[in-house]
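Could you put the whole structure together from the sequences, leaning on the hints where they help?
Protein sequence lines, in the order shown, are assigned to chains A and V. Position one of the first sequence corresponds to residue 0 (numbering that gives the first Met the number 0), numbered consecutively onward. Position one of the second sequence corresponds to residue 0 (numbering that gives the first Met the number 0), numbered consecutively onward.
It should be emphasised that the hints constitute simulated quantities derived from the structure, not laboratory data. The model shown is predicted, which means the values in this text are computed figures rather than measured ones. C-beta: ideal position from N, C-alpha, C; glycine also. Check the hints yourself; a few may be wrong.
Claimed, not checked - Going by beta-carbon spacing under 10 Å, a handful of chain V positions derived as facing chain A:
| # | residue |
| --- | --- |
| 1 | Pro43 |
| 2 | Gly64 |
| 3 | Ala75 |
| 4 | Asp78 |
Stated by the list, open to error - Only some residues are given here: those of chain A computed to face chain V with a beta carbon under 7 Å:
| # | residue |
| --- | --- |
| 5 | His212 |
| 6 | Gly213 |
| 7 | Val235 |
| 8 | Asp237 |
| 9 | Ala247 |
| 10 | Leu251 |
| 11 | Arg255 |
What the hints assert, rightly or not - Listed next, the stretches of chain V that the computed footprint assigns to chain A, with coverage defined by at least 3 CB atoms under 8 Å from CB atoms of chain A:
| # | stretch |
| --- | --- |
| 12 | 7-17 |
| 13 | 27-37 |
| 14 | 65-74 |
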Amino acid sequence: MMEKRERLRQILTGCESILVGYSGGVDSVFLARIALDVLGPGNVLAVTGKSASLASWMEDSARDVAYQFGIPWLEIGTDELADPRYAANPTNRCYFCKTELWAKLAIIARQHGLRVVADGANADDVGDHRPGAVAGAEHDVRSPLLEAGLRKAEIRTWSRELGLPTWDQPAAPCLASRLPYGLAVTPERLRQVEAAELGLRELGFREFRVRHHGEVARIEMASVELPRLRAHFAAVRDTCVGAGFRRALLDLRGYRRGALNEAVPAEQLVQLGGAGR
Amino acid sequence: MTNQPSGRDPRVAEAERLLVRYGIAAGQVSVCGPENEIAAIALPAADLRQLLDDAADPLVGELHGLGFRYVALDLAPLDTEP
Numbered sequence: 000m001m002e003k004r005e006r007l008r009q010i011l012t013g014c015e016s017i018l019v020g021y022s023g024g025v026d027s028v029f030l031a032r033i034a035l036d037v038l039g040p041g042n043v044l045a046v047t048g049k050s051a052s053l054a055s056w057m058e059d060s061a062r063d064v065a066y067q068f069g070i071p072w073l074e075i076g077t078d079e080l081a082d083p084r085y086a087a088n089p090t091n092r093c094y095f096c097k098t099e100l101w102a103k104l105a106i107i108a109r110q111h112g113l114r115v116v117a118d119g120a121n122a123d124d125v126g127d128h129r130p131g132a133v134a135g136a137e138h139d140v141r142s143p144l145l146e147a148g149l150r151k152a153e154i155r156t157w158s159r160e161l162g163l164p165t166w167d168q169p170a171a172p173c174l175a176s177r178l179p180y181g182l183a184v185t186p187e188r189l190r191q192v193e194a195a196e197l198g199l200r201e202l203g204f205r206e207f208r209v210r211h212h213g214e215v216a217r218i219e220m221a222s223v224e225l226p227r228l229r230a231h232f233a234a235v236r237d238t239c240v241g242a243g244f245r246r247a248l249l250d251l252r253g254y255r256r257g258a259l260n261e262a263v264p265a266e267q268l269v270q271l272g273g274a275g276r
Numbered sequence: 000m001t002n003q004p005s006g007r008d009p010r011v012a013e014a015e016r017l018l019v020r021y022g023i024a025a026g027q028v029s030v031c032g033p034e035n036e037i038a039a040i041a042l043p044a045a046d047l048r049q050l051l052d053d054a055a056d057p058l059v060g061e062l063h064g065l066g067f068r069y070v071a072l073d074l075a076p077l078d079t080e081p
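The following block contains the structure:
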């Protein structure tokens, strides 16, 4: 682990200055924080791309942590929903989203004289379905955490040592990931998912997803949440109905990260490669 | 298309027979979702917790075996007043 930490510091030193694509999640927050340590505030900028796909609690996390730790931070609007190729929600939807994001971030990096644009991909992402990584490669985006070989558990441990409140934050992909491929991404559907998940968060749930199936909310709950669920069946249902769904169903296989990718044919999977890609 | 009446999808009758075989006599199954991909199981309020135990895993597996991509518990009990 110490070797990886030193490797990360060396990688960041070599970058000289860096713009971090900053979602407010565990990895990008950690990367921005370490980059600040290594390069200083004049050579680091964390940028959050805001659209209807960004959950409000992630935006709050991004802003709050940046302010708390003195990370230079900027928020920009992104418009991936206006791209019909994205809105159609194909299995490579993330490619179009990240193309929009990295193109805008490249401009900002040039404007601020920052040499490198980076994302928070880590070594545990290798092998996952990551069409957004193709867009990253096309825009010369670096992945310092992946390059250093850092895994999620190590990032969480180091985050905790640094006092980052995100150290134990559950994985938080964008809201569009709640829609099955082929179901068009619309602002209304994203709003419904956000409202339902925000309501469940207010009930105390942390590890879950609300998947959008038209009129139906299919809820995936991690097994640790079942004791709370047993006391809140009606509240969970009412939350989803209040968000605009007609029915609220509990998936009996529970929460599975990347579950919607289970239905993707193997030939359509775009898997992230290892360090040195 | 979000709901099919019970009986139109041949999987529904077989799914309800499975519920009975596993000791859940009062359950009803409906098919929903844009691609009829979900088997939704409705139970009386007193029985909702039955399907949350690991003991229900074999039943859930068999229901998937009928061709449903998802098998889910309706959080609106059968005996909920409108």
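Out of the numbered hints, which ones does the structure contradict? Structure breaks hints 1, 2, 4, 8, 11 and 12.
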